[in-house]
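Chemist: Top line first, the protein sequences correspond to chains F, R and D. Under this note's numbering, the first residue of the first sequence is numbered 19, with each subsequent residue one higher. Under this note's numbering, the first residue of the second sequence is numbered 378, with each subsequent residue one higher. Under this note's numbering, the first residue of the third sequence is numbered 845, with each subsequent residue one higher.
Check each hint, because a few of them may be wrong.
If you want the footprint, here are the derived chain D segments under chain F, 3+ residues with CB under 8 Å [claimed, not checked]: (1) 867–877; (2) 882–891; (3) 929–939; (4) 947–957; (5) 970–980; (6) 989–1000.
It should be emphasised that the hints constitute simulated quantities derived from the structure, not laboratory data. Ideal placement from N, C-alpha and C gives every residue a C-beta, glycine not left out.
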Amino acid sequence: MLESTVQAMGNFAHFHIWLWIMGGVIWGLMVGLIPGIGTISGMALFLPFVFKLQPMEVLPFLAALVAVAFTAGSITAILIGVPGETANVATIFDGYPMTQKGEGARAIGAALCSSVVGGVLASLFAFGMVFAVLPMVMSLTSQEMVFVILIGVAFISVLGKGSMLKGLISGGIGLLIASVGLSSVTGEPRFTFENPFLYDGIHLIPVALGLFAVPPMIELATKGGGGTIAEGQVVLTKRKDVWKGARDVFRHRWLALRSILIGYLFGVMPGVGASAAVFIAYGHAKHVSKHPERFGTGVVEGVIAPESCNNAKESGSLLTTLALGIPGSGTGAMFLGALIVLGFYPGPTMLTEHLDLSLTLILIIAVSNIIAAAICFYLAPQMALIAKTPGRILVPLVLVAIFIGGFTYKGLIQDVVVLLLFSGIGVASRRLGYNSAGLFLGYVLGEPLENYYFVSLQIGGPLFFMRPIPLLLIFALIAFFVYTPLKNVLKNRIRKGAQAL
Amino acid sequence: MKRVLAIGVVTACAVGLVFGLVFPQTAEAAGPEEFFKKNVVNVIVGYAPGAGSDYSARLLASYWSAATDGGAMVVKNMPGAAGLMATNTMYSAKPDGLTIALGMALSSYAMPIIARDPAAKFDGKKLNWLIGAFEEPWTLHIAAKKPYETVEDLKKAKDLKVGTVSPSASSSFIDAVFIHILGLDARIISGYKGGSDMTLAAGKGEIDLVPQPASTGLLGVQKGFLKPPVAVMGRKRVAFFPNAPTFPELVSLTPEQQALFKAADTASFVLRVAAAPPGVPTDRLRFMQDAFAKVVEMKGFQEQAKLQFPLGPTPMLAKELTAFMNEAMDMDVGPVQALIKKYLAIK
Amino acid sequence: MRTLRGSSISLILIIAVMLVVLALALRMAYFATKLLPMTIAVLVLILAVIELARGIKAGNGSGAPATAGKGKGRTDPPVSKDLLYLSWVVGFFLAVYVLGFLIATPIFVGAYMKRHGSNWLASVATAIIYTCIIYVVFDFALQANLYEGRLPIWLNSLSG
Chain F
19 MLESTVQAMG NFAHFHIWLW IMGGVIWGLM VGLIPGIGTI SGMALFLPFV
69 FKLQPMEVLP FLAALVAVAF TAGSITAILI GVPGETANVA TIFDGYPMTQ
119 KGEGARAIGA ALCSSVVGGV LASLFAFGMV FAVLPMVMSL TSQEMVFVIL
169 IGVAFISVLG KGSMLKGLIS GGIGLLIASV GLSSVTGEPR FTFENPFLYD
219 GIHLIPVALG LFAVPPMIEL ATKGGGGTIA EGQVVLTKRK DVWKGARDVF
269 RHRWLALRSI LIGYLFGVMP GVGASAAVFI AYGHAKHVSK HPERFGTGVV
319 EGVIAPESCN NAKESGSLLT TLALGIPGSG TGAMFLGALI VLGFYPGPTM
369 LTEHLDLSLT LILIIAVSNI IAAAICFYLA PQMALIAKTP GRILVPLVLV
419 AIFIGGFTYK GLIQDVVVLL LFSGIGVASR RLGYNSAGLF LGYVLGEPLE
469 NYYFVSLQIG GPLFFMRPIP LLLIFALIAF FVYTPLKNVL KNRIRKGAQA
519 L
Chain R
378 MKRVLAIGVV TACAVGLVFG LVFPQTAEAA GPEEFFKKNV VNVIVGYAPG
428 AGSDYSARLL ASYWSAATDG GAMVVKNMPG AAGLMATNTM YSAKPDGLTI
478 ALGMALSSYA MPIIARDPAA KFDGKKLNWL IGAFEEPWTL HIAAKKPYET
528 VEDLKKAKDL KVGTVSPSAS SSFIDAVFIH ILGLDARIIS GYKGGSDMTL
578 AAGKGEIDLV PQPASTGLLG VQKGFLKPPV AVMGRKRVAF FPNAPTFPEL
628 VSLTPEQQAL FKAADTASFV LRVAAAPPGV PTDRLRFMQD AFAKVVEMKG
678 FQEQAKLQFP LGPTPMLAKE LTAFMNEAMD MDVGPVQALI KKYLAIK
Chain D
845 MRTLRGSSIS LILIIAVMLV VLALALRMAY FATKLLPMTI AVLVLILAVI
895 ELARGIKAGN GSGAPATAGK GKGRTDPPVS KDLLYLSWVV GFFLAVYVLG
945 FLIATPIFVG AYMKRHGSNW LASVATAIIY TCIIYVVFDF ALQANLYEGR
995 LPIWLNSLSG
C-alpha cells in the first residue's frame, strides 16, 4: 500500500498529467455550466479518442471531467434555477431563492467550498478506507437494500413545504411514474400503450429539466420583460460575498460532514439511485434543522448539504467502479467502458496489481475539485451579475438551452414532449402546493425499490427482512418518523416543567 | 430606412445560412466506392455509450475509413427498448446506404418479430444484413461463495437459485433449459438489472448460479465472484475456459431435449449485428458487406476487439448471417417459454 | 354552486387518473407487475380523497398556500400569466417539431424579446448570434445532430 501510494503521488510529477487534468477540468466545467450538455454526453464525445490515446492521458481527463461537472452545474442551479446536472437539482431549492434575495455570490461561495470539501474529503476517505468499505458493500444483499431505499423514500415526507398530504401524493405519483415501461421483474409492459419509447420508462433528464428548470423561467417571465431574478433586491457581487459563503461551510461543518458521508455511502453502493443521495442530504439537513420552515426560502444550509453530497458521491462511485467493476452511475458505466478499452479490468485486481492507478485516479478527483473551485471562485462575482439580467433576454435563451438539453440526452424528440409535460406539472405543482422534489425522489427510487423488493421476496420469502441489518434499518426508519414528534413532546414537557418551577 | 435595410440584409443572410445548414446535400457519385468516400455513414446503436454494442460500433467505425479508402462512419446512440427504437428508426430511414443500425441479433431484431411485439415497426425479413460480430456463447457459473463444484453437486442440491434479468431475457432461456434437462431442484430469480448486477449478487452469495455471455463470465471469475463455468451453453468450447464442457458434451440429449436446447441456443445467441433498411441499392449493399468483411480481418481491429471480447471478432459474414437471422425469426420458442414460466419464482 | 378551486380540481384529476391506473393495472398478467401500481394508486387515491374532503370542508382550497416561504410580500401572479408563458413554451416546442431547432430558435428568441420590449436590432441580433452559438457548440463541435423538424425532413425526402 505504501509503495503504491508513493507511486500514485509520483505520477503527478509528470507534466502531461496536469495538462490532461486541466483539459478535463475545463471540459467538465463547460459541460456542467451549459444546461444542454450532461456529463455522460461530455464523456461520450471523448470516447472515440479513447482508442487512440494512452491510459495516463484518457483516465486523468475523464476523472477530472466527472469530478468537476457537478461543481459547475451548481452555478447554473443557483443563478438561474436550472440544474447543470440532475445531481444539482436539490441545490435549486435554496440556491435560487438566495439569488432572488441578491445573495447569489454567497450561495456560489457556499456551493464551491462544499464541493471542494466534499470531493477532497471523500477522496481521502476512499484512499484510506478502500479495503474496509468494500466488505461493507458486499454484505448488503437485496434484502438489506430494500430498507436502505425505503429510508430514502421516507425523506419524501420531509422535502416539501406546505401540506404533508400533498407531499405524500406527489411522492406517490413519482413512484407511479417510475412504474411506466417494461417491468424489470417480469418484463411485462406497464402503461406503455405499445410505444417503444416508453419501454425503458420515462427518462430522467427531461423529467428533471421539466420539473425544476422550466418553472423558474416561467416565474421570471411573469415578472415582465424588464423583471430580473433579484427583482427589488440589492445584488451582492463582491468577492467578499463569495468568501462569506465559503465560511458558511465551516460554520456548518457537521452538516457538511454528514452530507459528505451520505453522498459517499450512496456512491459506494451500486444500484441505489445515486441521484437520490442529494435529496436525502437536503432532506436530512431540513429534518435536523432548528428552523425547517426556512428551507426553500434561501438558507445556506440548503446549498451546503446537497453540494457536499454530490461531489462525495462521485468518489464513492469511482471506488465501486474500480474495485468491483460495477458502475454506481451512468458516468461510472462510461468510465468502466474506457478502462476496459485501455486494457484494465476493474475488479479486485485494480486494488492489487493496479493499486497505484486506482489511488492516482482518486487523488485526481481531489485535485480537480480544488482546481475547478479556484477557477469558479475567481469568476463568481462576475457570474452573480446574471441576477441583474432582464428576463426578456434570459428567459428565451435559457428555455432554448433547456429544450436542447432535453433533446440531446438521447436524441429523441419524444423526450422534449416529456419535458413539456413535466414543465406543466412543475408549474402546477408550485402553484397548487404539491412537492416536485418529492415527486422526483419517488420517481428515482421507485424502480430500485420494486426490484429489490421482488428479488428479496423470491429469495427469502415474505419474512425476508428477518436479518440483523434489515431489522436495524427498520428501527432506523421508525426512529426517523418518531424523531420529530418525540422531540416536540419532550420540548413541551421541558417547557412546562420550567414554567411550573 | 438604413436600419431597416441592415436588418433585412442580416435576416436574409441568416435565413440563407440556416437553410443551408438544415438542408444538407449528400454527394451523389458514380459508383459505391466514390459514394461512400464522399458521404458519412451513420450507425445508430440501440444501446448507451460504454455498452458492448456501443464499443462494437465504435471499433467498426474506427476501421471503416481504412476499409473504404477514406470514407467516414459516425456512431449515434439511440438507446431504448433493447435496441428496438434504433431498429425502427433505421428501417424508416432513407434507403441510400448512409443509415444503418447496430444491435443485438435477438433482442434488437429477431425477438420483437418472434414475440409479435406491436412496437416493432419493421419487417425483419426485409432487412439487409451487413455483418455479425463478437459472437459468444453463454456460460453457466456457480457463485464463488457456494459449496458446489460440479453438475453432480448441483443435482444433489436443494432449492438452487438461478439469476436472470427478466422472464423474456436471453438468460432465462439458458436457465430454463439447464434446469429442466438436468432435473435440478431450482428456481429462476428474476429482476436483476443486468449481467454485472447478477455477478455482484452471486459475489454476495444471494444466488447460486449465474448465466453470462462468456466474456462477462470471465470478468466475474477474475473478480473472484464466480467460479469457472460448469457448462458452456453452446456447441463449441471456449478457449479461455478449456475445462468447461459444452452442454451437449455434458448430457446425452434426447431428440426432444435437442430441440429445446437448439431453441434456447438460438433465442439467446449473443451476436452484434449491423443491418441496413430495405431498398438500399444492391451495389452499395455489397460494398458495405465487403468493407465490413475487410474490417474484421484487419490485425489492428482483431487486437483491439480482444480487449473487450476475449474471443475476438468471431465474425459472421452476410450470407451466413442472413440464413441465421431468417432461421431465428422463424423459430418457435413456445416450449422454452413454458419452461421459463414453470421454473420462475415470481408468479 | 360553489366554484372549485384549482387545488380541488387537481385533486379530482388525480383521483380520476388513479382510477384509470387501477383499471389498467388489474388487466396485467403477473401479480408482480401490478402490485406496485395498484398499491400506490390506492394509497394516492385515499390521500387525495382525504385532502379533497378537507379542502371542501375548509371551503378555501387545501393545504398551505403555494407562496409559503417565498419571501416577504411575494404573491403569485394570476394563473393567466403562467398559462400565457406556458403557451410560449408550447409554441416553441411546436416550432421545433415542425421547423427544427435551428429555425425555431431565432424565431422564438427574436419574437420573445421583441414582444417584451427589446428593439428590433437587439432582438434580431441576439436571435442570430445565439443560433450561431447553438449550431457551433451542439451541431458542429458536439455532433449532437439537433432535431431537423418535420418540414425540412419532408422537403429533404422530396429532393431525393
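Chemist: Do three or more residues of the region 947–957 of chain D come closer than 8 Å to chain F, measuring C-beta to C-beta?
Modeler: holds (count 5)
Chemist: Is the coverage entry for the region 929–939 of chain D by chain F consistent with the three-residue Cβ rule at 8 Å?
Modeler: It holds, with 7 qualifying residues against the three required.
Chemist: Quick check: the region 989–1000 of chain D, covered by chain F? Criterion 3+ residues, Cβ under 8 Å.
Modeler: holds (count 3)
Chemist: For the region 970–980 of chain D, count the residues whose Cβ lies under 8 Å from any Cβ of chain F; is that count three or more?
Modeler: Held - the region 970–980 of chain D has 3 residues with a Cβ nearer than 8 Å to chain F, which meets the minimum of three.
Chemist: Confirm or reject the coverage of the region 882–891 of chain D by chain F under the rule of 3 or more residues with a beta carbon closer than 8 Å to the chain's beta carbons.
Modeler: holds (count 5)
Chemist: Cut-off 8 Å, C-beta pairs, minimum 3 residues; does the coverage of the region 867–877 of chain D by chain F stand?
Modeler: It holds, with 7 qualifying residues against the three required.
Hint compliance for this structure: every hint is met.
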